[in-house]
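Participant: Listed below are the residues making up each chain.
There are 2 protein chains.
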Amino acid sequence: MSRFDVLCIGNAIVDIIARCDEAFLVDNSIIKGAMNLIDADRAELLYSRMGPAIEASGGSAGNTAAGVASFGSRSAYFGKVSADQLGKIFSHDIRALGVHFDTKPLEGTPPTARSMIFVTPDGERSMNTYLGACVELGPEDIEADVVADAKITYFEGYLWDPPRAKDAIRQCAEIAHKNGREMAMTLSDPFCVGRYRDEFLDLMRSGTIDIVFANADEAKSLYETDNFEHAIAQLRKDCKIAAITRSEHGSVIIRGDERVDIDAIDIDEVVDTTGAGDLYAAGFLHGYANGKPLDVCGKLGSLAAGLVIQQIGPRPLLSLKDAAEKSKLG
Amino acid sequence: MSRFDVLCIGNAIVDIIARCDEAFLVDNSIIKGAMNLIDADRAELLYSRMGPAIEASGGSAGNTAAGVASFGSRSAYFGKVSADQLGKIFSHDIRALGVHFDTKPLEGTPPTARSMIFVTPDGERSMNTYLGACVELGPEDIEADVVADAKITYFEGYLWDPPRAKDAIRQCAEIAHKNGREMAMTLSDPFCVGRYRDEFLDLMRSGTIDIVFANADEAKSLYETDNFEHAIAQLRKDCKIAAITRSEHGSVIIRGDERVDIDAIDIDEVVDTTGAGDLYAAGFLHGYANGKPLDVCGKLGSLAAGLVIQQIGPRPLLSLKDAAEKSKLG
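As they're listed, the protein sequences go chains A and B. Using the UniProt record's numbering, read the first sequence as starting at 1 and increasing by one per residue. Using the UniProt record's numbering, read the second sequence as starting at 1 and increasing by one per residue.
Hint data in this document are derived by calculation from the structure and do not stem from the laboratory. These figures come from a predicted structure and were not determined experimentally. Be careful, since some hints might not be right.
Identical chains blur together in the list; that is why a pair holds if it fits in one copy or across any two.
As the list claims (entries may be wrong) - For lysine to aspartate or glutamate, the following DMTMM-like pairs were computed, each having C-alpha atoms within a straight-line distance of at most 25 angstroms: (1) LYS326 <-> GLU22; (2) LYS321 <-> GLU248; (3) LYS166 <-> GLU199; (4) LYS321 <-> ASP21; (5) LYS326 <-> GLU44; (6) LYS32 <-> ASP145; (7) LYS321 <-> GLU22; (8) LYS321 <-> ASP122; (9) LYS88 <-> ASP41; (10) LYS326 <-> ASP21; (11) LYS32 <-> GLU182; (12) LYS326 <-> ASP122; (13) LYS166 <-> GLU325; (14) LYS88 <-> ASP39; (15) LYS328 <-> ASP263; (16) LYS326 <-> GLU269.
Given the sequences, and given the hints that come with them, work out the whole structure.
Facilitator: Encoded structure:
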């Protein structure tokens with residue numbers, strides 16, 4: 001028995017989303033397609049140059065928790081907001097989906113994290129994240145009973161950026177494994193992998209995590225190779241299950257000697273790629289927690305990712321449960 | 001000479017937008033299609049029942065100011081936010097369009113106004129507005145030089161809800177007319193007309209305002225008639241110009257003995273009607289301030305309104321200048 005299918009842990013962020021042209025990224029030294037970490041001063045500067053925007057709750061693992069709940073699975077989330085207006089918005093949006101979210105908000109500064117997301121005409125998103133209150137997430141924020149009661153605890157590699165979240169994750173892994181649960185992570189971003197390559201490899205090789213999500217760039221960055229198949233071969237040795245997304249080429253799932261190739265769904269127009277990887281993980285984890293075979297897990301991931309990139313914002317505006325039923329994956 | 005084409009004055013509001021079904025409106029006693037004024041307690045209650053939402057700067061006259069700027073006209077705005085995160089978002093979004101916005105934010109409580117907007121499957125929006133800092137807008141917020149330098153000063157009837165904004169408007173009218181400028185207003189909402197019918201009629205009949213915007217329901221509410229043509233006949237007597245929108249039936253513009261009927265543009269799908277009237281006014285005022293004939297003013301209004309209802313959120317995400325050029329109205 002378990003109270004939760006999936007517990008997600010990550011940086012709790014409100015997205016500020018606007019369109020821009022390619023030149024804007026160049027002029028402002030924003031690495032396209034990446035998560036650019038910024039400080040408060042640069043956040044002010046970039047915001048002053050940003051066009052009119054809309055706001056939506058985001059955060060990689062937050063989006064995954066929302067997706068898992070939207071599929072109808074029981075989902076929980078740990079992440080640190082501040083007790084401010086953006087923090088209230090984040091808390092509202094995730095709880096409104098039925099996600100258990102009870103991390104104590106930070107009183108006072110720094111404020112709730114925000115990511116300024118610039119979407120270019122090709123639909124690619126370039127993120128500029130000010131971590132704010134996220135830097136305060138630590139072991140004291142772990143609800144041990146929730147970890148013990150979740151089939152899978154999933155976290156984002158981005159958590160290696162704030163100082164103490166990694167301690168919280170290690171504590172979670174201990175609780176989870178002691179209770180016969182599984183740990184999963186996403187490698188998050190190729191530059192994030194560059195910052196923490198050895199630690200991520202150690203998490204995998206030490207068995208701290210069981211399931212790894214990555215996109216092709218992150219997988220190649222992890223093994224410092226430009227050969228995708230080489231990265232896949234290494235992942236096969238280093239973790240129990242790996243699910244590697246490849247944008248329009250779908251995804252590859254490996255488990256021991258098994259390999260499953262999954263197609264991407266048909267897309268009318270890529271509006272905004274924000275949340276694609278997060279929602280792939282949501283679909284996969286929803287399937288996995290409910291005992292589905294790997295190919296169904298992958299198809300659920302493809303479905304959710306394909307839907308979220310055809311809208312603005314990182315969390316699907318429609319019910320993923322309905323979408324799964326329509327696709328006969330429900 | 002003039003520094004501004006259009007100055008807009010209104011309640012400065014951040015919209016919180018979510019979809020809901022028809023039953024939700026009934027269960028929560030929300031009047032469909034209307035602006036429901038709510039207090040802080042009801043705002044908390046409704047938010048706790050609201051699904052996951054997105055946030056976007058709104059406010060009726062704020063949307064009009066944004067639309068005027070998006071058409072390429074020179075636009076200014078007066079409205080009161082608080083010095084909080086939502087206030088910063090509102091200020092950013094309107095300034096990012098090049099709108100002059102310099103109203104001093106309120107320090108401390110109440111916080112920036114927000115409107116919880118529920119969009120039903122038919123695309124109709126039902127607004128629930130907590131006025132927050134807007135109640136503090138008063139004559140001290142009038143930048144007399146801006147009023148004197150704007151071809152048209154436009155304000156929303158909603159400004160009769162907060163206590164002192166009406167004094168600010170009367171002061172503006174005096175400055176504007178002394179400088180040979182014109183005053184325009186929107187009747188805002190049929191229930192708002194019900195609250196201030198006599199005062200609105202007096203504004204028109206005393207010549208305090210020159211141009212009136214309304215939709216058919218508001219016009220009929222003003223004269224307590226269910227006969228649209230009767231309302232039109234009365235408006236003809238009571239103001240110099242009236243532009244009356246009729247949803248999918250387009251709009252009617254009257255000036256003295258003149259009458260111009262304008263078609264609505266073709267719509268693929270009504271996604272969210274929020275901002276339709278505000279953007280009609282934006283298109284009309286952009287045309288009018290630039291000396292276009294009434295039929296072109298009306299067509300510009302139809303264009304902007306038609307575009308904004310095919311997206312989520314109250315301000316067009318694309319350039320209205322480009323749209324006008326494409327429609328050969330530029």
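Participant: Now, for every hint given, state plainly whether the structure supports it.
Facilitator: These are the hints, each one checked on the structure:
1. LYS326 <-> GLU22: Between copies only: 23 angstroms across, 37 angstroms inside.
2. LYS321 <-> GLU248: within (23 angstroms within a copy, 34 angstroms between copies)
3. LYS166 <-> GLU199: within (10 angstroms within a copy, 63 angstroms between copies)
4. LYS321 <-> ASP21: Close across copies (17 angstroms), not inside one copy (35 angstroms); limit 25 angstroms.
5. LYS326 <-> GLU44: Result: close neither inside a copy nor across copies, 44 angstroms intra and 35 angstroms inter.
6. LYS32 <-> ASP145: Close neither inside one copy (40 angstroms) nor across copies (44 angstroms); limit 25 angstroms.
7. LYS321 <-> GLU22: between (36 angstroms within a copy, 21 angstroms between copies)
8. LYS321 <-> ASP122: between (28 angstroms within a copy, 22 angstroms between copies)
9. LYS88 <-> ASP41: Answer is both: 23 angstroms inside a copy and 15 angstroms across each meet the 25 angstroms cutoff.
10. LYS326 <-> ASP21: between (36 angstroms within a copy, 20 angstroms between copies)
11. LYS32 <-> GLU182: Classified as neither; 33 angstroms inside a copy, 47 angstroms across copies.
12. LYS326 <-> ASP122: between (28 angstroms within a copy, 22 angstroms between copies)
13. LYS166 <-> GLU325: Classified as neither: same-chain Cα gap 37 angstroms, cross-chain 54 angstroms, threshold 25 angstroms.
14. LYS88 <-> ASP39: Both ways: LYS88 and ASP39 sit 22 angstroms apart in one copy and 18 angstroms across, limit 25 angstroms.
15. LYS328 <-> ASP263: Only inside one copy: LYS328 and ASP263 sit 16 angstroms apart there, 44 angstroms across copies, limit 25 angstroms.
16. LYS326 <-> GLU269: Intra 20 angstroms, inter 22 angstroms, cutoff 25 angstroms: intra and inter.
Hints 5, 6, 11, 13, counting from the list given before, are not met by this structure.
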